[in-house]
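Chemist: The listed protein sequences correspond, in order, to chains A and B. Sequential numbering of the first sequence, starting at 5, is according to my numbering. Sequential numbering of the second sequence, starting at 48, is according to my numbering.
Keep in mind the hints are simulated off the structure, nothing from the lab. Be aware that a few hints might be false.
Using 20 Å as the maximum straight-line C-alpha spacing, the simulated DMTMM-like pairs for lysine to aspartate or glutamate come out as follows [as the list claims (entries may be wrong)]:
#	chain 1	residue 1	chain 2	residue 2
1	B	Lys-580	A	Asp-182
2	B	Lys-191	A	Glu-51
3	B	Lys-162	B	Asp-149
4	B	Lys-185	A	Asp-149
5	B	Lys-399	B	Glu-464
6	B	Lys-461	A	Glu-46
7	B	Lys-461	A	Glu-51
8	B	Lys-487	A	Glu-46
9	B	Lys-180	A	Glu-51
10	B	Lys-90	B	Asp-533
11	B	Lys-191	A	Glu-46
12	B	Lys-101	A	Glu-46
13	B	Lys-101	B	Asp-345
14	B	Lys-185	A	Asp-63
15	B	Lys-101	A	Glu-51
16	B	Lys-487	A	Glu-51
17	B	Lys-185	A	Glu-46
18	B	Lys-388	B	Glu-179
19	B	Lys-428	B	Asp-533
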Amino acid sequence: MGVAYLARRVFYGLISLLILSAIIFVCTHLLPGDAASAILGEAATPEALATLRARLGLDQPVLLQFAHWLGGMVTGDFGVSATLNQPAGAIIAGRFFNSLALALGTIIVAAALAIPLGVVAAVKRGSRLDGAILTASYVGISIPDFIIAPVLIILLAMPPLNLFPSSGFVALGISPGDWLAHTILPVIALTFVLTAHLLRQTRSGMLDVLASDYIRTARLKGLPESLVLWRHGLRNGLTTTITVLALDIGYLMGSIVIVEEIFAYPGLGRLIVYAVANRDIPLVQGTALVIGAVYVAANILADFAHALLNPRLAQQ
Amino acid sequence: MNDGGRRSSLLTRRGFGARLLAAGTATLVAPAILGRRAYGEAKPGGRLTVALFKDLRTLNPIMGIFGNEWRATCNLYNNLTRLTAHGGVEGDLAESYTPSADGMSWTFVLRDGVKFHDGSSFSSADVVATIEKILDPKTAAPYKAELGPIASVKAVDKHSVRIELSSPYADLPKALASSMARIVSERGIADFAKLDNTPYGTGPFVLKEFAPNDHVVMERNPHYFRPGRPYLDRLVLRVLPDTTAQVAALENREVDAIADVDADTFGRLSAIKGVKATQVIGGTFNNIVLYANKPPFDDPRVRMALRLAMDRPQMTDAIAGKTGTPADDQPISAAYEYFDKSIPLRKPDLAKARQLLKAAGHGSGFEHKLVVSNSPASRQKTAVVAQAMAEQIGIRFNIELMDNARYGATIWNKGIESYVGNYGTRPTEDAIISKLYSAKYGIDEGRWAGTPAGKQVEQLIEQGRRVTDSAGRRKIYGEIQRITRDDGPFIIPNFFNSLYAAWGYVNEWPARAINTEMRLDDCWLSADAPGRKA
Numbered sequence: 005m006g007v008a009y010l011a012r013r014v015f016y017g018l019i020s021l022l023i024l025s026a027i028i029f030v031c032t033h034l035l036p037g038d039a040a041s042a043i044l045g046e047a048a049t050p051e052a053l054a055t056l057r058a059r060l061g062l063d064q065p066v067l068l069q070f071a072h073w074l075g076g077m078v079t080g081d082f083g084v085s086a087t088l089n090q091p092a093g094a095i096i097a098g099r100f101f102n103s104l105a106l107a108l109g110t111i112i113v114a115a116a117l118a119i120p121l122g123v124v125a126a127v128k129r130g131s132r133l134d135g136a137i138l139t140a141s142y143v144g145i146s147i148p149d150f151i152i153a154p155v156l157i158i159l160l161a162m163p164p165l166n167l168f169p170s171s172g173f174v175a176l177g178i179s180p181g182d183w184l185a186h187t188i189l190p191v192i193a194l195t196f197v198l199t200a201h202l203l204r205q206t207r208s209g210m211l212d213v214l215a216s217d218y219i220r221t222a223r224l225k226g227l228p229e230s231l232v233l234w235r236h237g238l239r240n241g242l243t244t245t246i247t248v249l250a251l252d253i254g255y256l257m258g259s260i261v262i263v264e265e266i267f268a269y270p271g272l273g274r275l276i277v278y279a280v281a282n283r284d285i286p287l288v289q290g291t292a293l294v295i296g297a298v299y300v301a302a303n304i305l306a307d308f309a310h311a312l313l314n315p316r317l318a319q320q
Numbered sequence: 048m049n050d051g052g053r054r055s056s057l058l059t060r061r062g063f064g065a066r067l068l069a070a071g072t073a074t075l076v077a078p079a080i081l082g083r084r085a086y087g088e089a090k091p092g093g094r095l096t097v098a099l100f101k102d103l104r105t106l107n108p109i110m111g112i113f114g115n116e117w118r119a120t121c122n123l124y125n126n127l128t129r130l131t132a133h134g135g136v137e138g139d140l141a142e143s144y145t146p147s148a149d150g151m152s153w154t155f156v157l158r159d160g161v162k163f164h165d166g167s168s169f170s171s172a173d174v175v176a177t178i179e180k181i182l183d184p185k186t187a188a189p190y191k192a193e194l195g196p197i198a199s200v201k202a203v204d205k206h207s208v209r210i211e212l213s214s215p216y217a218d219l220p221k222a223l224a225s226s227m228a229r230i231v232s233e234r235g236i237a238d239f240a241k242l243d244n245t246p247y248g249t250g251p252f253v254l255k256e257f258a259p260n261d262h263v264v265m266e267r268n269p270h271y272f273r274p275g276r277p278y279l280d281r282l283v284l285r286v287l288p289d290t291t292a293q294v295a296a297l298e299n300r301e302v303d304a305i306a307d308v309d310a311d312t313f314g315r316l317s318a319i320k321g322v323k324a325t326q327v328i329g330g331t332f333n334n335i336v337l338y339a340n341k342p343p344f345d346d347p348r349v350r351m352a353l354r355l356a357m358d359r360p361q362m363t364d365a366i367a368g369k370t371g372t373p374a375d376d377q378p379i380s381a382a383y384e385y386f387d388k389s390i391p392l393r394k395p396d397l398a399k400a401r402q403l404l405k406a407a408g409h410g411s412g413f414e415h416k417l418v419v420s421n422s423p424a425s426r427q428k429t430a431v432v433a434q435a436m437a438e439q440i441g442i443r444f445n446i447e448l449m450d451n452a453r454y455g456a457t458i459w460n461k462g463i464e465s466y467v468g469n470y471g472t473r474p475t476e477d478a479i480i481s482k483l484y485s486a487k488y489g490i491d492e493g494r495w496a497g498t499p500a501g502k503q504v505e506q507l508i509e510q511g512r513r514v515t516d517s518a519g520r521r522k523i524y525g526e527i528q529r530i531t532r533d534d535g536p537f538i539i540p541n542f543f544n545s546l547y548a549a550w551g552y553v554n555e556w557p558a559r560a561i562n563t564e565m566r567l568d569d570c571w572l573s574a575d576a577p578g579r580k581a
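Just need the whole structure built from these sequences, with the hints factored in.
Modeler: Structure follows, in C-alpha cells:
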C-alpha cells in the first residue's frame, strides 16, 4: 500500500466524479423547465423567458454550457447560482460544513453505540440480550426518518420536556452552546437507522469471525477471552462494519435531505432539494459533486482502514 | 371553531363587522387588530421572530415571485402607495396623487425629507428609475403587466412625478401598492444584480443578515419617515418548511408568530392557549382550467353541466377545512371592493347537469385528463374533490400529479391539458380579471376571450379601467362577475382565507387579505413577550 496505490485510487475517484457531473448535467437538462421558468413562475411570458435565458446563458448549446462549467471547476470556480445570484461555491461551502457536522456527529454516535452492542449480541448469540438488541435494531431500521424527526420534536422539544430547540440553526462561531443544542435532535434522528444498520452488520461480521478456525486456535492456546474477542475477533469483524459504514455515507446523505428539511437545518440536503426544484444548475452540479466527493473519499478511507486492520489486504 | 378555549376569528377587510363569520370570541379579537387601538399604549422595543413557510430566495422586490420575498421586502422598502386594512389605498412615499381630466396621466407628489438606508435622499429620480426598470423588457420582471398600461414616467420636479398612460387606468394608485412596485433608490437600480442580497430602500427596517431560504435579520431604521415607527428593535424572519416544527417553535415561543399557516395546522394552533389564530377572508384560489377552444369544454353547456355538479360549501370544507369561503367559478372574493354579494351561490343540480351533458352529446359522460402540480398541496385536494363531484354526472377526471417545475414548463398556460392553477389575492379587481380573461392585457388562461361572452368581458375590462366613479365601477365589475360565473372557462370551488397565528403579546399584526403585505411598522410587543427579555 504505497503512494502509487493512493494516487491511483484518487485518480479513479476523480474520473468517477467527472462522469457523475456529466450525468447530472444531462439529467438536469432532460428535466422539463429551467432556472428561467423557475424564477418567473406563473408569471412567465415568452419574452421574459427569452430575456432571462439569455442573461443566464441558458440559450447556449448544452455542451458549451457543460464545457464552461467544467472550465470553471478546474480553477475552483463553482459558478454563480442562477436563482440566488450568489457564488455557488460560497453557498455550498457553508452548507457543507453544517451537514458535515451532522454526518460526523451521527457516525461517531452510531459507531459508539453499534459496535459494542453488535459485539455483545454476537458473543451472547441466542440469549435474551441478543434478542432484545436485535428487536430494537429492527424497530430502528423500520421507522423512516420522516416519522422519527417529528416524533423527536414532539417528545423532546415540546412541553413538558422541552429539552432542545425544535428547529433551526445557530452558527458555531456565534454560540457553541446554541450550536450544539440545535445539532442534537437532527443527529439523534439520523443516528436511529444508521445505528441499527451498523449494529446488524457488526453482529453478523463478528459471528463469522467467531466461528473461524483462528479464533478456535486462539482459545485453544489459552488466551484470555477478552483478548480473543477484542484483539483477534473485533479486528477482523470490523472490516465488514467499515465497508458498510462507507457505503452508508450515501444512505446518510439521503436521510440528511429529509431530516434537514424537517429541522429547518441549513445544510447540503436542503440545498440540493431547493436546487433541483428550481433547476439551479450551478447549485445542483456543485452540491452533487461535493456529495459525490465525500462518498468517494469515504470509500478510499475505508480501504485504508481495512489495510490497517488487516495488513494482508495491502499486499494484494 | 366554536370551542370556547380557542381564540380564532375571521376578518374581512371590507365591512368586517358584518362578516365576522366565526363565533363568539371573534369580536374580542377583531377590534384589537383592525380597530384603532390607542397608540399611546404601544411600547417600543423588543425582538419579533416570525416563522415563514417555503422559499425566500431573493430580496430583489422587482424579481420576487414568492410570498415570503414580499413579506421581507415590505419591511425593507416602501411603495408610492399602500393598501389599507379595509381594502382602500393611501399614500406611502407619495403624499398625494391626482389623475388628469382625461384620465391619461397621474401626478404623484412625493413625501419630503425621506432617506434611504444608505443615507441618500429620496426624490423623483428614484421613482422614475424604479418604474422604468420594471417596465424595461430586458429586466424580465415577472409581474410587469400588473402595473397597468404605463407609457412613461417623468420627474416633474424633485418631489413630483407624472405617470403617462397608454389608456386610462383608474386603478393606478392601487396597482402601485403591488408587492413588486417597491421604490428602489436610483443607485440600487444601477446596481441591479446586488438587489438580491442588498436592499436599497426606505423601509421601517434595515437589513442585518440574509441567508437565502433560511433567515432574514432586520433592525429598526432610526431614520424611518413615520414618526415613532417602527416599534420593534429587531425583526427576524425564519423559514420553517415543516409544519410540526412550526407548531413546536410557536408553542415553545422560539417564534412569536407564523405568517402563513396552512389549513390543516390552523386548528392545532388555535387550540394552543394564549395563541391568537386569525383568518381574514382572502382572494387566493385554485382554478380548474377548462379550455374553451377545444372539445369537450368548448361547449358552454358542458362547462355549465360541470358547474352544476359542484357542491361548493361541501367542497370548501373538504379542501380548506374551516378556513375557506365557497366560490362561484369567478375570481373576485369578498376581499375585493367590488365583490357583488347579490349574486347567489350556485346550488348543485345533478338532473339538470345530466340533461345538459346529454344535449351536448355526452349522454354517457367522458374521460378527461387533469394535471396537478405538487405545490402548493391544496391543488391536489382541489383536483380530487372536483373529481368526486364530477363523477356524479359521468365526467371522469384522470388526475396526473406532476413536479411543480415540470408543470410550470410544460402544462401551465400551454393550451394543451386541463390543470389546476393557483392565484394569490391582487390589489385590484382588474389585476386578476385582466390577467385571467383578457387576451390584450393578460394571458387569457382559458382561451375564452374569443367567445361571445369572452369578447363582452374584454370590453367590460376596458371600460372598468376608464371609469373612475365608484358606482359605475361597481356595476362593471358586478357584470364581469356574473358573466364569468355563468360562462367562464374555470371551476373555482372556493377561496382560501389568509391565515396567521401569533401569541397574544404580539399587537397590531397587519391582518390583510393580501397576507404577503406583512409590514410590521405598527406592530409592538406587550411586556410579557419573550423578545423583550432577550
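Chemist: Against this structure, judge whether each hint is valid.
Modeler: Hints, one by one, checked against the model:
{"no.": "1", "hint": "Lys-580(B) <-> Asp-182(A)", "result": "holds, 17 Å"}
{"no.": "2", "hint": "Lys-191(B) <-> Glu-51(A)", "result": "holds, 12 Å"}
{"no.": "3", "hint": "Lys-162(B) <-> Asp-149(B)", "result": "violated, 34 Å"}
{"no.": "4", "hint": "Lys-185(B) <-> Asp-149(A)", "result": "violated, 45 Å"}
{"no.": "5", "hint": "Lys-399(B) <-> Glu-464(B)", "result": "violated, 27 Å"}
{"no.": "6", "hint": "Lys-461(B) <-> Glu-46(A)", "result": "holds, 11 Å"}
{"no.": "7", "hint": "Lys-461(B) <-> Glu-51(A)", "result": "holds, 15 Å"}
{"no.": "8", "hint": "Lys-487(B) <-> Glu-46(A)", "result": "holds, 18 Å"}
{"no.": "9", "hint": "Lys-180(B) <-> Glu-51(A)", "result": "holds, 16 Å"}
{"no.": "10", "hint": "Lys-90(B) <-> Asp-533(B)", "result": "violated, 52 Å"}
{"no.": "11", "hint": "Lys-191(B) <-> Glu-46(A)", "result": "holds, 13 Å"}
{"no.": "12", "hint": "Lys-101(B) <-> Glu-46(A)", "result": "holds, 16 Å"}
{"no.": "13", "hint": "Lys-101(B) <-> Asp-345(B)", "result": "violated, 37 Å"}
{"no.": "14", "hint": "Lys-185(B) <-> Asp-63(A)", "result": "holds, 15 Å"}
{"no.": "15", "hint": "Lys-101(B) <-> Glu-51(A)", "result": "violated, 28 Å"}
{"no.": "16", "hint": "Lys-487(B) <-> Glu-51(A)", "result": "holds, 15 Å"}
{"no.": "17", "hint": "Lys-185(B) <-> Glu-46(A)", "result": "holds, 18 Å"}
{"no.": "18", "hint": "Lys-388(B) <-> Glu-179(B)", "result": "violated, 39 Å"}
{"no.": "19", "hint": "Lys-428(B) <-> Asp-533(B)", "result": "violated, 24 Å"}
Violation of the numbered hints given earlier is confined to hints 3, 4, 5, 10, 13, 15, 18 and 19; the remaining hints are satisfied by the structure.
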